[in-house]
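Undergrad: Please work from the sequences and hints to get the whole structure.
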Amino acid sequence: MIKDFTARLWKLGDDIDTDIIIPTEYLAFPTVEEMKGYAFSPLRPELAGMIRPGDCIVAGRNFGCGSSREQAPEVLKALGISCIVAGSFARIFFRNAINNGLLLIENADLHDAVQEGDVISVRANEYIEANGMRFGIASLPENLVEILDAGGLVKAMRHRNGVE
Amino acid sequence: MGMTIAEKIIAAAAGKSCVRAGDIETVTLDYMMSNDGTTHLTIDMYNKLVSPHISDKDKLIWIVDHNVPSDSVKTAASHKKMRDFARENDITLWEGRGVCHQIMMEHYVCPGQLIFGADSHTCAYGALGAFGTGVGCTDYLYAMVTGQSWLLVPPTLRFNLHGQLRDGVCARDLILSIIKMISASGASYKAMEFGGDGLASLSIADRICICNLCVEAGAKTGLMEVDDKALAYLEERGRVPKQVFAPDADASYEQVYEIDLEDIVPVVAKPHFVDNVVPASECRDVKIDEAFLGSCSNGRIEDLRAGAKVIKGRKVAPKVRFLVVPASKEVYIQAAEEGLLEIFMEAGAIVMNPNCSVCWGSCQGVIGAGETLISTGTRNFKGRAGSPDSFVYLASAPTVTASAVMGRIATADQL
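Here the protein sequences come in this chain order: A and B.
Count the first sequence with numbering that gives the first Met the number 0 and you get residues 0 to 163, in order.
Count the second sequence with numbering that gives the first Met the number 0 and you get residues 0 to 414, in order.
Hints in this document: simulated from the structure, not taken from any laboratory.
Misleading hints may appear alongside valid ones.
Stated by the list, open to error - List time: in silico DSS-like cross-link candidates among lysine-lysine, alpha-carbon distance up to 27 Å:
1. B/K269 / B/K241
2. B/K56 / B/K328
3. B/K80 / B/K314
4. B/K328 / B/K311
5. B/K47 / B/K80
6. B/K47 / A/K154
7. B/K56 / B/K15
8. B/K73 / A/K76
9. B/K80 / A/K154
10. A/K154 / B/K228
11. A/K10 / B/K381
12. A/K76 / B/K80
13. B/K241 / B/K15
14. A/K154 / A/K2
15. B/K269 / B/K381
16. B/K56 / B/K79
17. B/K269 / B/K308
18. B/K73 / B/K47
19. B/K381 / B/K179
20. B/K47 / A/K76
21. A/K10 / B/K79
22. B/K179 / B/K286
23. B/K381 / A/K76
24. B/K269 / B/K286
25. B/K228 / B/K241
26. B/K269 / B/K179
27. B/K241 / B/K56
TA: Here it is as structure tokens:
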């Protein structure tokens with residue numbers, strides 16, 4: 000069960016690649032906590048410091064293209080990003096984000112209708128409301144909802160096995 | 000209704016007679032490859048599981064290639080974690096002997112297999128008719144523990160290749176031209192399948208380069224039809240196919256493209272995206288600071304021969320660094336035996352040990368603010384090779400080498 004929520008948004012363009020999300024030179028840091036301050040640094044070095052827990056990202060198409068580095072969704076999760084709404088997602092990033100309990104929503108129209116700093120309301124599996132307009136969203140399959148609810152695939156496996 | 004190669008491999012891995020694009024299937028994997036980019040994270044997660052076990056250690060291949068030899072104390076620590084875990088759990092570990100995908104091609108990949116790699120360029124394995132796809136470390140962990148995973152059966156884009164490439168035009172030019180045509184997300188979630196009468200003219204090295212870069216169009220995998228050339232490559236290395244799957248004549252494709260190989264010209268992908276492709280002739284005024292010949296895309300013996308042919312008797316331009324990085328120990332020794340390494344070094348190139356090098360912007364050769372690199376690497380994203388304020392152009396081995404000689408972007412026929 001994904002809860003309804005509102006979020007302040009940060010707006011990014013098309014083709015936000017994994018090397019933008021977290022550049023290679025920071026991958027050697029032992030923890031995601033140490034990396035997260037460098038998220039998006041090639042594009043907007045100030046951004047990571049301005050993101051507050053609960054904020055969301057609204058981007059264009061092909062978000063997360065490139066590397067399979069799982070640190071990409073991990074740093075966004077660590078920054079407290081509540082969800083990413085994009086025109087489309089690259090497939091490896093999509094799996095990695097769900098596996099880390101990071102909600103992704105595909106919508107091609109929202110991007111052009113909002114500005115950075117706007118607040119969106121997400122009604123799970125139904126629509127996103129922004130600036131008085133509603134944008135329909137698809138519902139996620141049950142198995143993915145189970146993973147998101149648990150906070151990621153590893154935690155979902157533990158739930159399923161009755162460990163937690 | 001028939002099946003594509005991707006559908007046939009997934010059906011076999013799922014124990015079914017037939018699957019269709021859009022189905023979600025639970026599949027059993029043949030190999031699971033992981034490298035030092037993320038294996039330390041997988042180990043951390045594994046150690047947090049309650050009484051974990053490895054499903055089949057013989058299917059795990061671990062390769063230290065991204066930062067080898069280690070370049071910092073932090074890297075040394077993550078390598079040690081990988082090495083220790085591999086030893087304790089009797090997992091095959093390769094270190095310093097090549098780029099992961101090249102080692103997989105030389106020693107493991109067989110037609111019909113389904114292989115996960117914790118690296119996006121795992122799609123290269125389709126050069127030998129195997130379904131390789133990149134995953135993150137959580138998916139890798141799940142596969143490592145269960146031996147299985149789930150896959151959405153991808154729709155397939157079919158590319159019929161006709162004729163042959165002109166002299167001086169390479170597989171790299173072909174796949175960059177295809178990526179430009181369909182865009183960097185044009186094959187998202189899809190398989191790219193290659194066949195046609197033009198396939199026979201492409202070497203295995205060419206095919207690896209093409210399949211390797213399919214992920215730069217968003218593809219889940221790239222797959223070549225298996226022919227005598229592929230079977231001969233396997234036989235030379237003492238391997239036999241798991242199963243050779245040809246697509247059915249009535250297979251269902253999302254789209255079919257007819258590509259005349261003679262139409263392809265030398266191209267470069269300009270900063271900062273892989274589909275920003277133009278004829279190399281349009282970039283002749285771009286000065287370079289560094290050139291890189293290597294990587295899982297173009298670090299094979301054929302690429303080194305092509306580069307050596309261009310640079311023999313010439314010199315690297317003043318103030319330009321030219322890094323030559325054979326993709327594996329096998330390639331390195333072969334290049335040494337053929338005298339290629341001597342040609343490069345006499346010309347002023349720096350010949351490095353087999354590793355991922357500047358292609359992934361770590362370890363060696365990273366470039367500074369304002370600098371420009373021309374590379375046979377996989378990506379030219381902003382900051383990919385070092386400073387966020389640097390510039391990366393992607394091109395074929397001969398174009399990269401000719402550029403190293405000229406100090407600006409050039410094709411071999413301009414020398």
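Undergrad: It remains to establish, for every hint, whether it holds in the given structure.
TA: Status of the hints after comparison with the structure:
1. Taking the CA atoms of B/K269 and B/K241, the gap is about 40 Å. The hint is violated against a cut of 27 Å.
2. With a C-alpha separation of about 24 Å, the suggested pair B/K56 and B/K328 falls inside the 27 Å cut-off, and the hint holds.
3. At roughly 42 Å between alpha-carbon atoms, B/K80 and B/K314 are farther apart than 27 Å, so this suggested pair is violated.
4. A distance of roughly 23 Å separates the Cα atoms of B/K328 and B/K311; the hinted pair therefore holds under the 27 Å criterion.
5. Note on B/K47 and B/K80: the hinted pairing holds, with a Cα-Cα distance of about 15 Å set against a maximum of 27 Å.
6. Taking the CA atoms of B/K47 and A/K154, the gap is about 10 Å. The hint holds against a cut of 27 Å.
7. A threshold of 27 Å between alpha carbons decides the hint, and for B/K56 with B/K15 the separation of about 25 Å falls inside it, so the pair holds.
8. Annotation: proposed proximity of B/K73 to A/K76 holds, straight-line Cα distance about 23 Å (limit 27 Å).
9. The suggested pairing of B/K80 with A/K154 holds, with an alpha-carbon distance near 23 Å, which does not exceed 27 Å.
10. The suggested pairing of A/K154 with B/K228 is violated, with an alpha-carbon distance near 46 Å, which exceeds 27 Å.
11. The straight-line distance between the Cα atoms of A/K10 and B/K381 is roughly 18 Å, inside the 27 Å bound, and the hint therefore holds.
12. Our distance criterion of 27 Å between C-alpha atoms is met by A/K76 and B/K80, whose separation comes to about 25 Å.
13. Between B/K241 and B/K15 the CA atoms are separated by roughly 16 Å; this keeps the pair inside 27 Å, and the hint holds.
14. Taking the CA atoms of A/K154 and A/K2, the gap is near 18 Å; set against the 27 Å cutoff, the hint holds.
15. Proposed proximity of B/K269 and B/K381 is supported: the alpha carbons are some 11 Å apart, at most 27 Å.
16. Simply put, B/K56 and B/K79 have alpha-carbon atoms about 19 Å apart, close enough for the 27 Å limit, and the pair holds.
17. At roughly 25 Å between alpha-carbon atoms, B/K269 and B/K308 fall within 27 Å of each other, so this suggested pair holds.
18. Pair hint B/K73 plus B/K47 holds up; C-alpha atoms about 21 Å apart against a cutoff of 27 Å.
19. Taking the CA atoms of B/K381 and B/K179, the gap is about 18 Å. The hint holds against a cut of 27 Å.
20. Taken as a hint, the B/K47 and A/K76 pair is honoured in the structure, with Cα atoms around 19 Å apart against an allowance of 27 Å.
21. For the proposed pair A/K10 and B/K79, the alpha carbon gap of about 40 Å is over 27 Å, so the pair is violated.
22. This hinted pair checks out: B/K179 and B/K286 have alpha carbons roughly 23 Å apart, not beyond 27 Å.
23. For the hint linking B/K381 to A/K76, the alpha-carbon distance of about 23 Å falls within 27 Å, and the restraint holds.
24. Proximity of B/K269 to B/K286 is assessed by CA-CA distance (about 13 Å); at most 27 Å being required, the pair is judged to hold.
25. Restraint check: the Cα-Cα separation between B/K228 and B/K241 comes to about 16 Å, which is no more than 27 Å; the hinted pair holds.
26. Our distance criterion of 27 Å between C-alpha atoms is met by B/K269 and B/K179, whose separation comes to about 11 Å.
27. Of the supplied pair hints, the one linking B/K241 and B/K56 holds, its CA atoms being roughly 19 Å apart against a limit of 27 Å.
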